[in-house]
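Engineer: Please construct the entire structure, taking both the sequences and the accompanying hints into account.
As they're listed, the protein sequences go chains E and U. Per this note's numbering, the first sequence starts with residue 1330, numbered consecutively. Per this note's numbering, the second sequence starts with residue 6, numbered consecutively.
To be clear, the hints were calculated from the coordinates, so they are not data collected in a lab. Every residue, glycine too, gets a C-beta built ideally from N, C-alpha and C.
Which bits of chain E does chain U cover? Going by a derived footprint, with three or more residues having C-beta under 8 Å, they are:
1) 1355 to 1367
2) 1385 to 1392
3) 1423 to 1432
4) 1478 to 1488
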Amino acid sequence: VTHVAALILIFAELSFLAIGGASTTLPAMERAIVHQQHWMSAAEFVRLFALAQAAPGPNMLVVTLFGWHVAGAAGAAAATLAFLLPACVLAYGMGHLWVRFRDRRWRRVVQAGLVPVTGGLMLAAGYLLVRGAATDWRAAALAAMVLAGSLATKRHPLWFLGAAALAGLAGFY
Amino acid sequence: MPPHAEPIRAEPLRLGASALFLAFFQAGLMGFGGTLPMIRRVMVEERRWQTPAEFNELLALCQFLPGANVANLAVIFGSRVCGIRGSAAALIGLLGAPIAIVLVIVSLYDRYGGYAPVRHLVTGLSAGAAGLILATAVKIATPLRTSPRALAILAASFAALGLFRLPFLPSLAVILPASIALAGWSIRE
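Structural biologist: In structure tokens form, the structure reads like this:
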């Protein structure tokens, strides 16, 4: 029960702080889950993230898996709802107010201020995930190849995930 | 047909909860590697519930608000066309199947993760997923490279959360107001 309560507190706070999407909170999730609560290792954190990416649906479903790993079905439900509901209630309320402020100057200023913070948080997320995933030089090389390939081509992300998984399976390790 | 020739709707669109559920269920189930393109296809191209301009407007709002963008989109669009029942139907439709699938995947991993081939597969998958997120970050950061203001803020948030692993809320409480103040100073009418 204490784990479920801790999950709710962690993810409800991050729900309000997830600016520009759920992935920007990955550094904060890693800090709470790996370094403060010691619920899993950094490598396990990345593995759960990768399993969530391999399934269809929004990126935020990794939250469900963190909850599952910590406290089973109750943990999965608690983490998912804690991460979803606060932001969704806010969205429900703001959906009707938007027409009133979308053309205001302060709205454009806030948005212009959010973009570079989102970029920095995503870079931090990518950096921490690569560090967790690069268990040896071959895994690091594979992550670098996917990074370069994804920037250089317009292939679907699923193609890269499949290729990386097969490279791992094919005795690359 | 050019965009300006689209007929203007006489009255606001109304939809039933089951139609919303089905549309978002389809988008969630088919949305590999990000659901947003699939939601756009289902809502704009297949069902024509929204024009491309209306969809972009809705998306701008959802990116402005905190939380998962696609969940916000389901809640707001659902509430506009069908009230709070619409919000619930769209959200449950969007997340129901993916949550079930992801729980099946993690159960299989819990069970068979000890076998060497599964372990190697997931190690490769992890490296790939990490590389993809880093690529997304680079794509967000690239258009900002001409603005010293944006680069400084980007570097500060990367250093705070990525390198020094400072607590999230205090870091944002400093960086976000600074970034908005700088943006207000550089955006003048």
